[in-house]
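Got chain Z sorted already, so can you dock chain A onto it with the hints?
Letter by letter, the chains look like this.
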Amino acid sequence: AQSVTQLGSHVSVSEGALVLLRCNYSSSVPPYLFWYVQYPNQGLQLLLKYTSAATLVKGINGFEAEFKKSETSFHLTKPSAHMSDAAEYFCAVSDPGTGRRALTFGSGTRLQVQP
Amino acid sequence: EAGVTQSPTHLIKTRGQQATLRCSPISGHTSVYWYQQALGLGLQFLLWYDEGEERNRGNFPPRFSGRQFPNYSSELNVNALELEDSALYLCASSAGQEIDTQYFGPGTRLTVL
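Sequence order for the protein chains is Z and A.
Per the numbering used here: the first sequence = residues 6 to 120.
Per the numbering used here: the second sequence = residues 2 to 114.
Chain Z on its own, in the form it takes in the complex (with noise of 0.2 Å):
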């Protein structure tokens, strides 16, 4: 079965610093992952996925994450962050290779961002 770990619970940075999300998946396939961002009292929006093509994934709102299975990660970056990125985000795995296409979420991770 595939899990998710997402270190950090809370992230704080200041505005215009580096973000990054860490994000560390377990699958017994190649693994599609996906990173999502949820705003108080609102649904999920996709930010990126990878899909098995290139390891580096430019998302929305300059976010990107770059896949590595050597060290089972996919980490979350932007360059510069911006106060309307203060919000929750959540790493998932889904696995193909057992036709479930159920995600499966990390904990998530709640980013501040401080003036």
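Heads up, none of these hints are tricks.
Residues of chain Z clear of chain A, computed beta-carbon distances all greater than 10 Å:
#1 17
#2 19
#3 32
#4 66
Taking beta-carbon pairs under 7 Å as the criterion, some of the chain A residues facing chain Z (in silico):
#5 43
#6 44
#7 57
#8 101
#9 107
Read the hints as simulated data drawn from the structure, not as lab findings.
Heads up, the beta-carbon is just placed ideally off N, CA and C, and yes, glycines get one too.
Relative to chain Z, chain A alone:
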């Protein structure tokens, strides 16, 4: 293009009652997924419907059930409500060449008193 819609936005029930939550997928999407986001438990997969059939379910008791209609909209029913069923219930849909990519609705906040 309209996104996934869910109704109602909020639902308040008492213990033992039944709750019905509704979801309309993105136009053209045939797969619908339900997730529960409960405080302290995170996001958990509940159910997956495709072409009107239940394809998979998560580790939830049978009192969580649902269906998918011919127009691909879906209902989630929760019977014999318990206090711990209080959560945000999220619906997602996917289809076609992006079948593995799920797009989420805004959720229904269920409160059980």
